[in-house]
Every structure is written in structure tokens, then in C-alpha cells.
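Visitor: Everything in the sequence shown is counted per this note's numbering, starting at 162 for the first residue and increasing by one.
Worth double-checking, as some hints may not be accurate.
[Said to hold, decoys possible] In silico lysine-lysine, DSS-like type, Cα no more than 25 Å apart, as pairs:
no.	residue 1	residue 2
1	Lys-397	Lys-329
2	Lys-274	Lys-225
3	Lys-225	Lys-502
4	Lys-316	Lys-225
5	Lys-274	Lys-329
6	Lys-313	Lys-394
7	Lys-316	Lys-267
8	Lys-397	Lys-503
9	Lys-343	Lys-473
10	Lys-503	Lys-225
11	Lys-343	Lys-329
12	Lys-313	Lys-225
13	Lys-506	Lys-225
14	Lys-394	Lys-503
Calculated directly from the structure, the hints in this document are not laboratory data.
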Amino acid sequence: MTTTYTIKMPTPSSTHHNATLTSQKYSSDINDATTTINAFMPWLLIIVGSVCNVFIILGMRNSKFRSLSTSVFMTVGAFNNLTSLVILLVAHWVHLNFPNSIVRSKGADILCKFFNFYGPGQADLGIMLMSAMTADRAYAILRPLTSVDLVKRAKIVIGVCVAVVMVKEFHFCFTSVIVDEKRKDRLCDVDYNVTSYYDFYVNYWPWIDTVFVTLCFVVMVTSNAVIIRHVQKSRKGRQLQTREDNSSTGGPPRTRSSSTMTVHGGEKVAQQVTRMLLAESLAFILLSYPFSLHLVVTSQIQDPHTDPENGKANALAFSVVFYLLYANKCVNFFVYCISGKKFRKTILNDVLCRLQCCRFLIRKAKNRAESVSTQETHTCRREKVQEIQHYSEDNSQL
């Protein structure tokens with residue numbers, strides 16, 4: 162008896178059907194990931210970033226840091242981060258999760274002009290502030306005896322940075338429009354119907370923005386190299402000085418005078434700020450540069466928003482790099498706490514002091530309320546006693 166085995170080969174139609182199902186499942190997974198990220202990440206960044214930036218502002222306005230020009234840059238940077246988180250991320254979250262609540266009319270284009278101007282503007286301002294802050298610190302190291310009001314110079318530099326950013330982003334005030342409801346990656350975009358501006362925005366603007374960011378990063382890296390070299394030289398100098406003191410006295414180093422301790426304390430604060438600045442610069446580069454690279458890559462892709470497959474992948478990629486960019490506005494506080502011991506102590510003391518003040522005020526208000534309640538009780542009892550006396554006198558007369 163002969164057994165016959167039949168092998169069923171997959172037909173081209175079944176292979177195409179399986180590939181289609183796999184592609185649909187992949188697209189569905191991308192949509193689910195993008196939806197989850199857009200639902201929870203904005204509010205996480207808003208809450209954490211707002212609290213952290215408020216702490217940075219309070220810490221930098223402390224008397225220990227207020228006299229340093231770096232604290233001025235850090236304070237303005239923290240305020241810029243705080244306002245951008247509250248203004249931009251709230252609007253972005255509403256657009257992604259409740260698109261029908263937005264009235265898409267010509268009047269909404271005015272709002273988009275503001276968002277497109279302020280959004281990239283605050284990001285560029287953050288980059289310029291970071292570059293200016295590192296360059297200012299490097300210059301102070303190279304020219305330590307220059308008799309210049311560093312705080313005043315820092316304020317002038319900040320004004321120049323704001324002016325440069327306004328000139329760079331001013332074109333968005335004329336070309337921004339609100340996007341269609343089907344597009345999920347952003348609320349506002351430029352008007353692609355204007356042919357001349359479309360050519361500028363697609364072919365030239367990504368490279369202008371990337372060159373701008375790259376130049377800022379070059380200034381940042383160069384300044385950080387100068388700062389790191391100074392820190393290493395200072396550390397070696399202190400070690401050599403300690404050895405010389407030990408060898409000359411034949412024992413432990415002599416006790417410093419009060420003036421020497423004051424100078425040494427000021428140097429330690431400056432060194433703390435230097436380490437904080439280095440750590441912040443590294444985190445800034447790692448979290449900010451992907452967004453600029455994404456802008457260049459998507460400018461070279463054909464129909465990244467209208468093609469279904471490219472659109473879904475681009476939406477997920479944009480969400481990742483977008484929230485990385487905004488995560489940079491939240492991590493500075495943790496970077497400062499890790500790299501700066503005096504900053505940690507300053508923040509902790511401020512928080513404990515404010516908590517004690519709040520407890521004192523609550524206790525004072527509670528005691529005042531109790532005293533008022535006790536007075537009211539005594540007054541009520543006195544009135545009742547008077548009523549009883551009057552009632553007794555009336556009955557006796559009867």
C-alpha cells in the first residue's frame with residue numbers, strides 16, 4: 162500500500178495577505194505606543210518640570226549664588242523652561258487628546274503664529290543661554306582679574322540672546338497655520354501653499370536651524386573643555402599646596418585665618434557652579450540634538466505626513482524627540498542636586514525653612530481661631546446668664 166503526501170505551497174495571494182496583516186499589526190502597535198506616550202508624558206513633564214524649575218529659581222536667588230553671573234543665566238533659563246512647559250505642553254496635550262475641542266478657523270491661525278514663534282524661540286533661547294553661560298564661565302576663568310560687573314554683563318548678554326532669537330524665528334509670525342484634525346504630530350505648521358516660502362522652509366530652514374544649534378554646541382563644548390582643564394589644574398594645585406604645607410610644618414596644615422576661609426569658601430562655591438554647569442551642558446546636548454536631527458531627516462522624506470506608513474512612524478519619532486527636548490527642561494534640577502553639594506544644602510534649607518514658616522502660620526491661625534471660639538463661647542454663656550437673670554426678675558415681680 163502506497164501513502165501519498167501532499168505538500169501545500171503558499172500561494173502569492175496568501176503571502177501578500179500575511180504581509181498585509183503583519184504590516185497592519187505593526188502600524189497598530191506604533192499607534193498604541195504613540196497614543197500612550199502622548200496621553201501621559203506631557204502632564205508628567207509639566208508637574209515635575211514646574212516644581213523643579215521653581216526650586217532652581219529659589220536656589221539661585223540665594224545669597225550664596227546671587228553674586229555669580231552663572232546664577233543669572235540659570236535663573237532666566239529656569240524661568241524660560243517653566244513658562245514653556247506650562248504654555249506649550251498644555252496646548253500640545255489638548256490637541257493630541259481632544260482635537261475636536263479646538264476650533265479650526267482663520268482665527269486659530271493667529272494662535273498658531275504665536276505657538277510657532279514662541280515654541281522654537283524658547284528652545285533656541287535655552288540653547289543660547291547655555292552656550293553663553295559656559296562661554297561666560299570660561300572667560301571668567303581665563304581672565305579672572307578683569308574688573309567688570311559680571312552680573313550686569315550677564316544681563317546684557319541675555320538681552321542680546323533674546324534679540325537674536327526674535328530675529329531668527331520672526332518669519333513664523335507670517336506663515337503659520339493650524340493643521341488638519343487627521344494630523345496628530347503637531348497642532349501648527351507653516352503654510353505650504355506659498356511656493357517661495359515652501360522652498361525656503363524645506364530646503365534651507367532645516368540646515369539654518371541645524372547650523373545654529375551646532376554652532377551653539379561647538380561654543381558649549383569648547384568652553385567646557387576650558388573649564389575642565391581649569392578644574393584639573395586647580396585640583397592638582399591644591400594637592401601640591403597641601404603637600405608643601407605638610408612638609409614645611411612637619412604635621413597637619415595650619416589653621417586658616419577668617420579671610421582665607423572666606424576666599425576659600427567663595428572658590429568652593431564657584432567650583433560647585435562649574436561642576437553643575439558641566440553636567441547640565443552634557444545633559445543638554447544629549448537631550449536636545451535629536452530634535453534637530455529629526456527636523457533634517459523628515460525634510461528629506463517624501464510625504465512624511467500624508468503617506469499612512471511614514472506618517473505613523475514619523476508621529477512616533479516626533480513624540481520621542483519632542484518629549485526628550487522637553488525632558489531637558491526638567492532634569493536640570495536633578496543634575497544640579499547630583500553635581501552641586503552646596504546647591505543641595507541650599508535647596509534643603511530653603512524647603513525646611515518654608516515648611517517651618519508654613520507650620521508656624523498654620524499653628525498661629527489655629528490658635529487664633531481657638532481663641533476666637535473661646536471668646537464667642539464665653540460671650541454666649543454671659544448672654545444666657547443675663548437672660549436667665551432677667552427672666553427670674555420678671556417672675557419675682559409677678
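Visitor: Now tell me if each hint is right for this structure.
Guide: Cross-check of the supplied hints:
With a C-alpha separation of about 44 Å, the suggested pair Lys-397 and Lys-329 falls outside the 25 Å cut-off, and the hint is violated. Distance check on the hinted pair: Lys-274 and Lys-225 sit about 41 Å apart at the alpha-carbon level, beyond 25 Å; violated. With a C-alpha separation of about 12 Å, the suggested pair Lys-225 and Lys-502 falls inside the 25 Å cut-off, and the hint holds. At most 25 Å may separate the alpha-carbon atoms for a hinted pair to count; Lys-316 and Lys-225 meet this at roughly 19 Å.
For the suggested pair Lys-274 and Lys-329, the alpha carbons sit about 14 Å apart, so the restraint of at most 25 Å is met. Using a Cα cut-off of 25 Å, the hinted pair Lys-313 and Lys-394 is violated, with the two alpha carbons roughly 29 Å apart. The suggested pairing of Lys-316 with Lys-267 is violated, with an alpha-carbon distance near 39 Å, which exceeds 25 Å. Restraint check for Lys-397 and Lys-503: satisfied, since their Cα atoms lie roughly 22 Å apart, inside the 25 Å limit.
At roughly 11 Å between alpha-carbon atoms, Lys-343 and Lys-473 fall within 25 Å of each other, so this suggested pair holds. Between Lys-503 and Lys-225, the direct Cα distance comes to roughly 9 Å. Compliance with the 25 Å bound is thereby established for this hinted pair. A C-alpha spacing of about 30 Å is found between Lys-343 and Lys-329, which places the hinted pair above 25 Å, so the restraint is violated. Distance restraint check for Lys-313 and Lys-225: the Cα-Cα separation of roughly 18 Å lies within the 25 Å cut-off, and the hinted pair is therefore satisfied.
Of the pairs offered as hints, the one joining Lys-506 and Lys-225 holds, with about 11 Å between alpha carbons and a cut-off of 25 Å not exceeded. For the hint pairing Lys-394 with Lys-503, the CA-to-CA distance comes to about 22 Å; that is within 25 Å, so the pair holds.
Violated hints, listed in ascending order, are 1, 2, 6, 7 and 11; each of the other numbered hints is respected by the structure.
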